[in-house]
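Q: The primary structure of each chain is shown beneath.
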Amino acid sequence: MTAPSSLPKRKLQWRKWALSAFMVVGLIWSAWITQAHMGMFFQNIGQFTVIFQEMAHVDWSYTYYTVDPMIQTLKMSIIGTLIGSALAFPYALLVSRNIVTNKVVVGIFRFILNIVRTIPDLMLAALFVAVVGIGPIAGIFALAIFTFGMVGKLFYEAIETIDPGPLEALRAAGAGRIEIIRFAVVPQIANYFISYVLYAFEINVRASTVLGYMGAGGIGIYLQQALSMFRYDRVGLIVLVIFAVVLVIDYISGKAREALL
Amino acid sequence: MAETVKPVIEFDHVSKIYPNGVVGLKDINLTIQPGEFVVVVGLSGAGKSTLMRAINRLHDISEGDVRIDGTSITKAKGKQLLHIRRQIGMIFQNFNLVNRATVLKNVLTGRVGYYPTWKMIFGLFSAEDKQRAYEALGTVDLQDKVYTRADQLSGGQQQRVSIARALTQTPQIILADEPIASLDPQTTKRVMDDLRRINQEMGITVVANLHSVELAQEYATRIIGIRAGEKVFDGPVAEATDEAIAEIYSGEEQEV
Ligand SMILES: Nc1ncnc2c1ncn2[C@@H]1O[C@H](COP(=O)(O)OP(=O)(O)O)[C@@H](O)[C@H]1O
Ligand SMILES: [Mg+2]
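These protein sequence lines are chains P and L, in that order. Reminder that position 249 of the first sequence reads as 249 in UniProt numbering, one-by-one numbering, no gaps. Reminder that position 65 of the second sequence reads as 65 in UniProt numbering, one-by-one numbering, no gaps.
Because the hints were derived from the structure by calculation, they are not lab data. A virtual CB, placed ideally from N, CA and C, is assigned to each residue, including glycine. Each hint should be verified, as a subset may be incorrect.
[As the list claims (entries may be wrong)] If you want the ones that stay clear, here's a sample from chain P, every Cβ over 10 Å from chain L, calculated:
# : residue
1 : Lys9
2 : Arg97
3 : Leu122
4 : Leu170
5 : Ala244
[As the list claims (entries may be wrong)] In silico lysine-lysine, DSS-like type, Cα no more than 30 Å apart, as pairs:
# : chain 1 : residue 1 : chain 2 : residue 2
6 : L       : Lys105    : P       : Lys255
7 : P       : Lys153    : L       : Lys75
8 : L       : Lys130    : P       : Lys103
[Claimed, not checked] Residues from chain L shown here face chain P by an in silico Cβ test under 7 Å; the list is partial:
#  : residue
9  : Asn94
10 : Arg100
11 : Arg149
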């Protein structure tokens, strides 16, 4: 081998440029066919400032009444997150290629998971309000399914990156499938799982504040009522309460996740 | 003399063809007696690992029969297969420990085959087995590391933990697939000495793949030479002359 004399030029990356151009054209085209106008967005800006001024006169006396629904919102998020994650764990094992070698099984169950993931949380809430009626139970169902789809994917992606060595060692020692999962898979992913569950909880607290809007229980109902009565002073308060709670939970959960990974 | 002892490992016309058509093993016959220290040598890609994994059936063979202590592992099903496997400890080139778990937890997993599944879900190991694990760590001189995380140990220490894990199985056989390939010369000696001690003092049969002929000659009681999936040499160390070794290592090295 002879040493190369000078740095060779990198080939022009046609694919990259073509893809970028394609995306820009696609964006402009979709804006055009949906008749989106930036102007329209600013037309009502005056109305917005009026409402914003009213919201700024926060009705502090209403604080007391937001405590119970806020707690209900948190309960909904916790239970929904836990149920969804508990279901997602065995399901994620089922769709991990290094655990289940049958390609058909993995393919079918991944397809189902992907479909679940495409359903927006608000639609789930509307669906469950229709099925189980207005109240927090509908919210819990919606959040559980939403969590299932979200962490299910994160879970199996984590499972597929683990070191296969310990699995082989356990198998050689005469361990069955469940023992292999318990002693070779779980210790490698436990911290990731807890972190993802906390992450899902953060998202769910935010989502569940809005879910009530669809009748799925919690503080969202109060937000909806205040809005429909044009009590923007109360809307302002509710928004602040949600903001504070979300901030605190994000902070705690974020710190916990940092410590885990 | 050999007639009166039941062989611990028997290969009866064993062939292995991988799904992609590569021939891993070609018509291997083999009888290993209890207490032997067998070293398998051969070029990279010759089929040494394939031979190992045929013994504890980490993969299925295509033809023939493998018997462990007189029982066919080839025909074993379900629980029976697991019960044969727990008689066979295995040591790997990359140690295959759970990095995030403590040394004790890693060593205890050697015992999993002796428990019902429900107990294992909750990780309920008996005090007796924890003591057994601790004693196994004593054998490799690592009792002071019992609560250390596995990834905080050096390579040599990790390999000795994996030996302790195999010992905790109370096995009849220990398989070692290139146990020293990732280690430096000093730790290599330590690990090989441990294996020899286990073989001589506990009477556990050892089958090891080694790259180095010198080490094979130093530690083995018997050498098996594999070339392109075929057994081309099998005899006591004294018979492994330079010509015999050259014969085993003739031919092309293969990509693995
Ligand atoms: N899973 C596999 N699929 C296909 N071919 C394999 C597989 N594992 C090993 N082989 C092939 O079988 C032959 C023997 O491999 P191996 O037993 O790993 O050799 P050694 O351990 O002696 O280096 C090699 O040619 C290798 O490429
Ligand atoms: Mg090998």
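Q: With a cut-off of 7 Å, does the beta carbon of L/Asn94 approach a beta carbon of chain P closely enough for the hint to hold?
A: holds, 5 Å
Q: So, as I understand it, the hint says L/Arg149 touches chain P; can you test that by seeing if any CB pair is closer than 7 Å?
A: violated, 11 Å
Q: Beyond 10 Å from every chain L Cβ: check whether that's true for P/Lys9.
A: P/Lys9 clear of chain L: closest Cβ-Cβ about 32 Å, beyond 10 Å.
Q: With d taken as the least Cβ-Cβ distance between P/Arg97 and chain L, does d exceed 10 Å?
A: Fine: 17 Å to the nearest Cβ keeps P/Arg97 off the interface.
Q: Using Cβ atoms and 10 Å as the threshold, tell me whether P/Ala244 really stays out of contact range of chain L.
A: Per Cβ check, P/Ala244 is outside 10 Å of chain L; nearest 36 Å; holds.
Q: Per the stated criterion, does the least C-beta distance between P/Leu170 and chain L lie above 10 Å, as a non-interface residue requires?
A: Contrary to the label, P/Leu170 does not stay out of reach of chain L, its closest Cβ about 6 Å off (not over 10 Å).
Q: Holds or violated: L/Lys105 with P/Lys255, Cα cutoff 30 Å?
A: Within the cut-off at roughly 28 Å; holds.
Q: Are the Cα positions of L/Lys130 and P/Lys103 separated by 30 Å at most?
A: violated, 39 Å
Q: Minimum C-beta separation from P/Leu122 to chain L exceeding 10 Å: can you confirm that?
A: With a cut-off of 10 Å, P/Leu122 remains clear of chain L, as the shortest Cβ separation is near 38 Å.
Q: Close enough to count: is the Cβ of L/Arg100 nearer than 7 Å to one in chain P?
A: Holds - the Cβ of L/Arg100 comes within 7 Å of chain P, reaching about 5 Å at its closest.
Q: Compare the distance between the alpha carbons of P/Lys153 and L/Lys75 with 30 Å, and conclude whether the hinted pair is satisfied.
A: Given pair P/Lys153, L/Lys75 is violated - Cα atoms ~38 Å apart, limit 30 Å.
When the structure is compared with the earlier hints, violations turn up for hints 4, 7, 8 and 11 and for no others.
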